[in-house]
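**Student:** Here is what each chain is made of, one letter per residue.
Number of protein chains: 2
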Amino acid sequence: MEKVNEEEIKRRIKRFQEYLEKNGISLAIILQNVDRYYFSGTIQLSTLLIPFSGDPVLIVHKGFERVKEESPLKEIIRARQTEVGNFIRGYLRERSRVGLEFDVIPANVYLRYKEMLKDFEIVDISEFIRKTRMIKSEYEITQIKKAVSIVDEGFKEVQKILRPGISELEVDAFLGYISRKKGHMGMMRMREWNQEMHYVHVLSGETGSVISFLNSPHGGKGITPAMAQGAGLKKIKEGEPIEIDYGACVNGYIADESRTFVIGDLPDRLKKAHECSLEIHRFFSEIAKPGIYCNEIYERCLEIAKEWGLEEYFMGYGEGKAKFVGHGIGLEIDEYPVITSRFKERLQEGMVIAFEPKFVFPKEGVVGLEDVYVIKKDGPERITKTEQKIIRIRKS
Amino acid sequence: MEKVNEEEIKRRIKRFQEYLEKNGISLAIILQNVDRYYFSGTIQLSTLLIPFSGDPVLIVHKGFERVKEESPLKEIIRARQTEVGNFIRGYLRERSRVGLEFDVIPANVYLRYKEMLKDFEIVDISEFIRKTRMIKSEYEITQIKKAVSIVDEGFKEVQKILRPGISELEVDAFLGYISRKKGHMGMMRMREWNQEMHYVHVLSGETGSVISFLNSPHGGKGITPAMAQGAGLKKIKEGEPIEIDYGACVNGYIADESRTFVIGDLPDRLKKAHECSLEIHRFFSEIAKPGIYCNEIYERCLEIAKEWGLEEYFMGYGEGKAKFVGHGIGLEIDEYPVITSRFKERLQEGMVIAFEPKFVFPKEGVVGLEDVYVIKKDGPERITKTEQKIIRIRKS
Numbered sequence: 001m002e003k004v005n006e007e008e009i010k011r012r013i014k015r016f017q018e019y020l021e022k023n024g025i026s027l028a029i030i031l032q033n034v035d036r037y038y039f040s041g042t043i044q045l046s047t048l049l050i051p052f053s054g055d056p057v058l059i060v061h062k063g064f065e066r067v068k069e070e071s072p073l074k075e076i077i078r079a080r081q082t083e084v085g086n087f088i089r090g091y092l093r094e095r096s097r098v099g100l101e102f103d104v105i106p107a108n109v110y111l112r113y114k115e116m117l118k119d120f121e122i123v124d125i126s127e128f129i130r131k132t133r134m135i136k137s138e139y140e141i142t143q144i145k146k147a148v149s150i151v152d153e154g155f156k157e158v159q160k161i162l163r164p165g166i167s168e169l170e171v172d173a174f175l176g177y178i179s180r181k182k183g184h185m186g187m188m189r190m191r192e193w194n195q196e197m198h199y200v201h202v203l204s205g206e207t208g209s210v211i212s213f214l215n216s217p218h219g220g221k222g223i224t225p226a227m228a229q230g231a232g233l234k235k236i237k238e239g240e241p242i243e244i245d246y247g248a249c250v251n252g253y254i255a256d257e258s259r260t261f262v263i264g265d266l267p268d269r270l271k272k273a274h275e276c277s278l279e280i281h282r283f284f285s286e287i288a289k290p291g292i293y294c295n296e297i298y299e300r301c302l303e304i305a306k307e308w309g310l311e312e313y314f315m316g317y318g319e320g321k322a323k324f325v326g327h328g329i330g331l332e333i334d335e336y337p338v339i340t341s342r343f344k345e346r347l348q349e350g351m352v353i354a355f356e357p358k359f360v361f362p363k364e365g366v367v368g369l370e371d372v373y374v375i376k377k378d379g380p381e382r383i384t385k386t387e388q389k390i391i392r393i394r395k396s
Numbered sequence: 001m002e003k004v005n006e007e008e009i010k011r012r013i014k015r016f017q018e019y020l021e022k023n024g025i026s027l028a029i030i031l032q033n034v035d036r037y038y039f040s041g042t043i044q045l046s047t048l049l050i051p052f053s054g055d056p057v058l059i060v061h062k063g064f065e066r067v068k069e070e071s072p073l074k075e076i077i078r079a080r081q082t083e084v085g086n087f088i089r090g091y092l093r094e095r096s097r098v099g100l101e102f103d104v105i106p107a108n109v110y111l112r113y114k115e116m117l118k119d120f121e122i123v124d125i126s127e128f129i130r131k132t133r134m135i136k137s138e139y140e141i142t143q144i145k146k147a148v149s150i151v152d153e154g155f156k157e158v159q160k161i162l163r164p165g166i167s168e169l170e171v172d173a174f175l176g177y178i179s180r181k182k183g184h185m186g187m188m189r190m191r192e193w194n195q196e197m198h199y200v201h202v203l204s205g206e207t208g209s210v211i212s213f214l215n216s217p218h219g220g221k222g223i224t225p226a227m228a229q230g231a232g233l234k235k236i237k238e239g240e241p242i243e244i245d246y247g248a249c250v251n252g253y254i255a256d257e258s259r260t261f262v263i264g265d266l267p268d269r270l271k272k273a274h275e276c277s278l279e280i281h282r283f284f285s286e287i288a289k290p291g292i293y294c295n296e297i298y299e300r301c302l303e304i305a306k307e308w309g310l311e312e313y314f315m316g317y318g319e320g321k322a323k324f325v326g327h328g329i330g331l332e333i334d335e336y337p338v339i340t341s342r343f344k345e346r347l348q349e350g351m352v353i354a355f356e357p358k359f360v361f362p363k364e365g366v367v368g369l370e371d372v373y374v375i376k377k378d379g380p381e382r383i384t385k386t387e388q389k390i391i392r393i394r395k396s
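Those sequence lines, one after another, are chains A and B. Okay, so the first sequence: first residue is 1 according to my numbering, each after it adds one. Okay, so the second sequence: first residue is 1 according to my numbering, each after it adds one.
Accuracy of the hints is not assured; some may be wrong.
Since the list can't tell identical chains apart, any single copy or any two copies may satisfy a pair.
[Claimed, not checked] Keeping only pairs whose Cα atoms sit at most 27 Å apart, straight-line, the calculated DSS-like set for lysine-lysine is:
1. K235 with K181
2. K321 with K131
3. K181 with K363
4. K234 with K146
5. K68 with K321
6. K235 with K3
7. K234 with K68
8. K389 with K146
9. K323 with K68
10. K385 with K182
11. K234 with K3
12. K237 with K3
13. K145 with K234
14. K321 with K234
15. K182 with K237
16. K321 with K114
17. K181 with K234
18. K271 with K321
19. K321 with K3
20. K68 with K272
21. K395 with K181
22. K74 with K14
23. K306 with K182
24. K68 with K235
No wet-lab data here; the hints were simulated from the structure.
Could you put together the complete structure from these sequences and hints?
**Tutor:** Here's what the structure looks like:
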C-alpha cells in the first residue's frame with residue numbers, strides 16, 4: 001500500500017498557504033475527501049485545518065489508528081465532529097476570513113459552518129485548491145504513469161476481443177476487468193457537481209454521436225437513461241469508428257486516453273478527421289511549452305480544425321459541442337488547466353494534461369486521439385505509449 | 001432501453017406535491033441528477049420545477065431531443081441555465097417559499113439561487129424527496145428484482161473461482177466483470193456527501209475488520225488509501241470468513257446483498273455469529289410488518305445480539321460500529337428507511353430494505369447475511385434468492 005510521503009505533503013501545504021496568505025485567509029477548512037487526501041494522505045473521516053502559516057491539524061472523527069498509519073502529518077488529534085468549532089475558533093481573531101470548498105461542500109454543510117462561524121467572513125477557497133493541485137510533483141506524475149500503463153495495456157488486450165457482433169457492453173466489461181485486476185482502484189472521481197464518469201466509454205458508430213449531459217465531446221447512450229453514458233447494447237459492426245475512451249486510477253491518480261479502433265477500414269472522411277486530430281497533437285507537441293496561454297492553444301487548435309474544413313465537428317457538433325480540447329488530470333478527471341478560450345492562464349511545468357482533439361459526426365460517430373502529456377521545461381512529454389494512429393482490426 | 005412511464009412519474013410528483021403543499025412551499029427546484037431522474041425520467045442537463053400543484057416543467061439546457069425521448073413529462077422546454085430565474089419567478093408571489101435540495105447541491109449553487117431569489121425564503125426539501133422516494137412502486141420493485149438476480153447469479157458464479165491464494169482484488173474484478181456483462185449500469189450511487197460505494201466488497205479474514213470512513217459495518221483496506229475501501233491485495237486463505245458484499249444497478253435501481261463464504265470451515269465462534277445473523281433475519285421476517293417502528297426493530301435486533309453474547313461485535317466493533325442494521329435501497333444505496341434507533345418512523349408497504357445484521361471480529365473478519373426485503377401488507381417478502389447460509393467451498 002503506497003502512502004504519500006511527508007515532504008510531498010509539506011510542499012503541497014506550503015504552496016496552498018501562499019494563496020491563503022495572499023488572500024488574507026486565516027484558516028482553510030478542508031472537508032472533501034479528495035482535497036483532504038491531497039493535503040493529508042487520508043480520506044478517513046476527519047476535518048483538516050490549514051492555517052495560513054504553520055502546521056495543519058487533522059481532526060479525526062473515526063478510524064484514528066488508520067489515519068495515523070496513512071497520514072504523515074504531525075498534528076493528528078481525535079475529536080468529535082461537534083467539537084470541531086472549538087478548534088477552529090482557536091485560529092481566529094476579530095474579522096478573520098475562513099475558507100471553505102464552495103464548489104463541493106453541500107449547502108447544509110455550508111450553512112452549518114456559517115452558523116458556527118457567524119462572526120467571521122466565510123470565503124470560497126476552491127480556486128486556490130484547484131490551482132495548487134494543478135501543478136504535479138514527480139510523485140504524482142509517477143502515479144499517473146502507472147495508470148497510463150494500465151490503459152495502454154488495455155488498448156493492446158482489447159484488440160484480441162474486438163470482432164463484428166460483440167456488444168459495446170461486453171467490451172466495456174472486459175476492459176473494466178483487466179484494469180481492475182492490474183490495480184485500477186475501481187472508480188474515477190470528477191469534481192464538477194452532477195457530472196460522473198464511468199471509466200470506460202466504448203462508443204461504436206452512431207452511439208458515439210449521441211449527445212449527453214456529460215461535459216465531454218461524447219457521452220454515448222449507455223444501457224439506461226439512469227446512467228446515460230458509455231457503452232450500450234449496440235453490437236459493433238465493420239467499418240465504423242469504435243472510439244474507446246479508457247481510464248484507470250492508481251493511488252487516486254487518473255489516466256485518461258482514447259483511441260479509434262475499426263474492424264476493416266474507415267470511410268475516407270473519418271480517416272481525414274483522424275489525420276486532423278493527429279495534426280493537432282503534433283501542433284500541441286510543438287507549442288505546449290511553459291508560458292503559452294491555454295486559451296491561445298485552444299484557439300489555434302480550433303483554427304487547424306477550420307483549415308481542414310472540420311470546424312463543425314470539432315469536439316462535438318451542435319448543442320453537444322464541448323468547448324475545450326484538453327483538461328488537467330490528477331486525483332479528479334476535470335482538473336486544471338482547461339485548454340479552452342475561457343481559461344486565460346499560462347502553461348506551467350508540472351501540469352499534466354489529457355489532450356483530446358476529437359471529431360464527432362452525426363450518426364457516424366467519433367474519431368480522435370486522447371493522450372496524456374506532462375508539461376516540461378522544453379515542451380510537453382507524451383507519456384501515453386500507445387502509437388498515435390487508428391488501430392485497425394482485421395476483418396476475419 | 002427501458003424508460004420510466006408517465007403514470008409512474010405522475011404518481012411520484014403527486015406524492016411529493018403533498019409535502020410541498022403541507023409545508024407551504026410554492027415551488028421545488030430539482031437539480032440533482034438522481035432526484036431529477038426520479039421525477040422526470042432523465043438525467044440530461046436540465047432544471048426541473050415542481051410547483052405545489054399543477055404540472056412540473058422541465059427546462060432543458062443541453063440534449064433537448066434526448067430529453068424528449070427519455071422523459072414522459074408534458075412540459076418540456078428549452079432554455080439556458082441563465083434564463084431559469086425568469087421561469088422560477090413566474091411561480092412566485094410575495095413571501096413565497098422555494099425549495100432546494102440542501103443535502104446535495106453544492107454551496108456555490110445554493111448561493112447562486114439565494115442571490116437570484118433574494119426576495120423569497122429558500123428552504124430545504126431533501127427530507128420530502130427522501131420520504132417520497134422511500135415508498136417504491138411495482139415498477140421500482142421490478143427493477144430492484146432484476147438487480148437482485150444479477151447479484152444472486154454472481155454468488156453462484158464466484159464459487160467457481162474461490163480458492164486459497166486468489167487475491168481479493170481478482171475476485172472483485174471477476175464479480176465486476178460478470179455483473180457488468182449482465183447489465184449492471186457500472187456505478188452505484190450514494191447520497192451522503194463524502195461517502196462513495198464501490199459495488200463489490202471482497203473482505204477476507206482480517207481485512208474485514210479494518211475500520212474505514214464508510215458508513216457501513218465494514219470497509220476494508222482497499223488497494224490504496226486514496227480509495228480506502230473494498231478488496232485489497234490480500235490473498236484468500238482457508239478457514240477464514242470471506243464476506244462478499246455485492247451490488248448491481250439496473251435502470252438506476254440498486255441491489256445490495258452479502259454472503260459469508262469460506263474455503264473449508266469457519267471457527268465455531270464465527271459460525272455462531274453467523275447463526276445469530278440468521279436468527280435476526282428470522283426475527284425480521286416475522287416482525288417487519290407495516291406499522292412497526294424502525295427504531296423498535298433496531299433495538300430488538302440489538303437485544304438478540306446481546307442475548308447471544310455478541311453485542312460487542314454487532315455491526316462492527318469499537319469506533320467502527322455502524323449504528324443501523326438495515327437501510328432503504330432504490331436509486332441510491334443509502335435511502336430511507338434506516339433501521340436505527342434515531343429513525344422513528346413506521347414501516348410502510350412498498351419500502352425496500354437491505355437488511356444486514358453482521359458481526360465484525362477484530363483481526364478475524366466479518367460474518368453475516370444481507371438480503372433484500374420488500375415490505376408488504378402481511379410482512380416482508382425476501383426477494384434475494386440465494387439460500388441463507390454460509391457458502392462453503394471445498395478445500396481442494
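**Student:** Please go over all the hints and tell whether each is borne out by the structure.
**Tutor:** Structure-based check of all given hints:
Taking the shortest Cα distances, K235 and K181 sit within 27 Å of each other both inside one copy (26 Å) and across copies (13 Å). In this assembly of identical chains, the alpha carbons of K321 and K131 lie at most 27 Å apart only when taken from the same copy (26 Å versus 38 Å across copies). In the homo-oligomer, the alpha carbons of K181 and K363 lie at most 27 Å apart only across protomers (25 Å), although the nearest pairing inside one protomer, at 35 Å, exceeds that limit. In this assembly of identical chains, the alpha carbons of K234 and K146 lie at most 27 Å apart only when taken from different copies (20 Å versus 32 Å within one copy).
In this homomeric assembly, K68 and K321 come within 27 Å of each other (Cα to Cα) only across copies, at 19 Å, whereas the closest approach inside a single copy is 46 Å. In this assembly of identical chains, the alpha carbons of K235 and K3 lie at most 27 Å apart only when taken from different copies (21 Å versus 42 Å within one copy). Proximity of K234 to K68 under the C-alpha cut-off of 27 Å is restricted to the inter-copy arrangement: shortest distance 21 Å between copies versus 49 Å within a copy. Taking the shortest alpha-carbon separations for K389 and K146, only the intra-copy value of 22 Å comes in at or below 27 Å, while the best inter-copy value is 41 Å.
In this homomeric assembly, K323 and K68 come within 27 Å of each other (Cα to Cα) only across copies, at 24 Å, whereas the closest approach inside a single copy is 43 Å. Taking identical chains as interchangeable, the C-alpha atoms of K385 and K182 lie at most 27 Å apart only when both belong to the same chain, with a minimum of 17 Å there against 32 Å between chains. Taking the shortest Cα distances, K234 and K3 sit within 27 Å of each other only across copies (17 Å), while inside one copy they are farther apart (41 Å). In this homomeric assembly, K237 and K3 come within 27 Å of each other (Cα to Cα) only across copies, at 26 Å, whereas the closest approach inside a single copy is 45 Å.
Only between protomers do K145 and K234 lie at most 27 Å apart by alpha-carbon distance; the minimum there is 24 Å, versus 32 Å within a single protomer. Only within a single protomer do K321 and K234 lie at most 27 Å apart by alpha-carbon distance; the minimum there is 23 Å, versus 45 Å between protomers. Proximity of K182 and K237 under a CA criterion of 27 Å is satisfied inter-copy only: 21 Å between copies versus 29 Å inside one chain copy. For a Cα distance limit of 27 Å, the shortest separation of K321 from K114 qualifies neither inside one copy, at 38 Å, nor across copies, at 30 Å.
In this assembly of identical chains, the alpha carbons of K181 and K234 lie at most 27 Å apart whether taken from the same copy (26 Å) or from different copies (13 Å). Proximity of K271 and K321 under a CA criterion of 27 Å is satisfied intra-copy only: 20 Å inside one chain copy versus 58 Å between copies. In the homo-oligomer, the alpha carbons of K321 and K3 lie at most 27 Å apart only across protomers (26 Å), although the nearest pairing inside one protomer, at 39 Å, exceeds that limit. When the C-alpha separation of K68 and K272 is checked against a cutoff of 27 Å, the pair qualifies neither within a copy, at 55 Å, nor between copies, at 34 Å.
Proximity of K395 and K181 under a CA criterion of 27 Å is satisfied inter-copy only: 24 Å between copies versus 29 Å inside one chain copy. Taking identical chains as interchangeable, the C-alpha atoms of K74 and K14 lie at most 27 Å apart only when both belong to the same chain, with a minimum of 15 Å there against 54 Å between chains. For the identical chains of this complex, K306 and K182 are neighbours neither inside a copy (41 Å) nor across copies (43 Å), given an alpha-carbon limit of 27 Å. For the identical chains of this complex, K68 and K235 are inter-copy neighbours only, at 25 Å across copies versus 50 Å inside a copy, given an alpha-carbon limit of 27 Å.
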